[in-house]
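Undergrad: Given the coordinates of chain X, work out where chain W should sit on it, guided by the hints.
Residue numbers (this note's numbering), protein chains in the order written: chain X, 1 to 199; chain W, 1 to 199.
Source of the hints: derived by calculation from the structure; they are not laboratory data.
Please read all numbers here as calculations on a predicted model, not as lab measurements.
It is possible that some hints are incorrect.
The list makes no distinction among identical chains, and a pair is therefore deemed to hold if it is satisfied within one copy or across any two copies.
Claimed, not checked - List of simulated lysine to any residue pairs, SDA-like, C-alpha gap at most 20 Å:
| hint | residue 1 | residue 2 |
| --- | --- | --- |
| 1 | K51 | K69 |
| 2 | K84 | K95 |
| 3 | K151 | A167 |
| 4 | K172 | N160 |
Protein chains: 2
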Amino acid sequence: MLHEIIKNRYSTRAFSDKVIDENKIISLFEAARWSPSSRNEQPWRFIAGTKEDQNTFNKIAGTLNPANKIWAVNAPLLILTVVKLTVNSTDQINKHALHDLGLAIANLTFQASALDLYVHQMGGFNQEQAREIFEIPGDYEPVTILAVGYKGNPDLLPENLKARELAERKRKNLSELVFSDKFGNKSGLIENKQIELIQ
Amino acid sequence: MLHEIIKNRYSTRAFSDKVIDENKIISLFEAARWSPSSRNEQPWRFIAGTKEDQNTFNKIAGTLNPANKIWAVNAPLLILTVVKLTVNSTDQINKHALHDLGLAIANLTFQASALDLYVHQMGGFNQEQAREIFEIPGDYEPVTILAVGYKGNPDLLPENLKARELAERKRKNLSELVFSDKFGNKSGLIENKQIELIQ
Chain X
1 MLHEIIKNRY STRAFSDKVI DENKIISLFE AARWSPSSRN EQPWRFIAGT KEDQNTFNKI
61 AGTLNPANKI WAVNAPLLIL TVVKLTVNST DQINKHALHD LGLAIANLTF QASALDLYVH
121 QMGGFNQEQA REIFEIPGDY EPVTILAVGY KGNPDLLPEN LKARELAERK RKNLSELVFS
181 DKFGNKSGLI ENKQIELIQ
Chain W
1 MLHEIIKNRY STRAFSDKVI DENKIISLFE AARWSPSSRN EQPWRFIAGT KEDQNTFNKI
61 AGTLNPANKI WAVNAPLLIL TVVKLTVNST DQINKHALHD LGLAIANLTF QASALDLYVH
121 QMGGFNQEQA REIFEIPGDY EPVTILAVGY KGNPDLLPEN LKARELAERK RKNLSELVFS
181 DKFGNKSGLI ENKQIELIQ
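Extracted from the complex, chain X is given alone in its bound form (with noise of 0.2 Å):
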């Protein structure tokens, strides 16, 4: 019963160099522009770069750490996420930007995937950095860097790597995390079903 979109979901590291078009890349972004947001501050701000436009692509994947650089090259588009840590109206902080940025950035990747295309979120990478070559303002804060691009092959990939791309993916059983009456207390709702929809 799970939608086959979140279903199928996972942040791969076998990127595919294959293009994606102009209009599917503007997508992503109206996806994200229209999720919610307290009292719709849209707190949400991205820096994108593809291959063809070589320099933001390459100021992004230069702040990269190693780890994920080795990957995340391959993909055609990179995304720097930025979020507005300070409501419009006044200079006080907004306690739900981060939150909010979260809510953009999964239906960015829900779009993404309807698709075809891979989303994989990344927080290896010099912030500082970031802020400087971006030239970010103080009220901004740099949170990820986001890989996309179509899906490639497993076997190009390290052997590390591809150990990892191939590994089952793992969650807490429901039960560790929706309560009823009190914090920690098993609901109800799941109770003695146990049920796995994904293994």
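TA: Here is chain W on its own, set in the frame of chain X:
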């Protein structure tokens, strides 16, 4: 080209009291469970109350700001979302925790939309009261309350809420969100396109 589930999603205030099948509720949490997260920390937790489980439902509803409570209690399902602030292996702060909760909530919302359910996220509730009532430990934090249900008749809402329900949805333009070369530089990907896929 934008997927219809993203296109049609919005945060309704007009909920029907139609009961949600338990297996559908479970599938919402299953969608959240399979979200990606930084180092697979899975910092999302949920306290879920249905109208049949009056106890948890009423406890969650009791923490809502009056302006939210007036419409949210019509929904058959309320969910208090909770984030784990620290990483699992040590007590260090997980700086991606809120972001990753946002990812999970968007996945939950997407699965809901696929089942004709609507989700309305609320930041307007008494966090400290929620922490006390549900005995939420110090390394966790209550973040939002979600009202979930089928769409009801907006004509049954008070006039001011009906007006908000029917108001045009507004977002920033893509040109304000997507940059290249440096922060604030409109990306060539969207320049002169100004596609407004949703009006």
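Undergrad: Hints broken by the structure, by number, lowest first?
TA: 4
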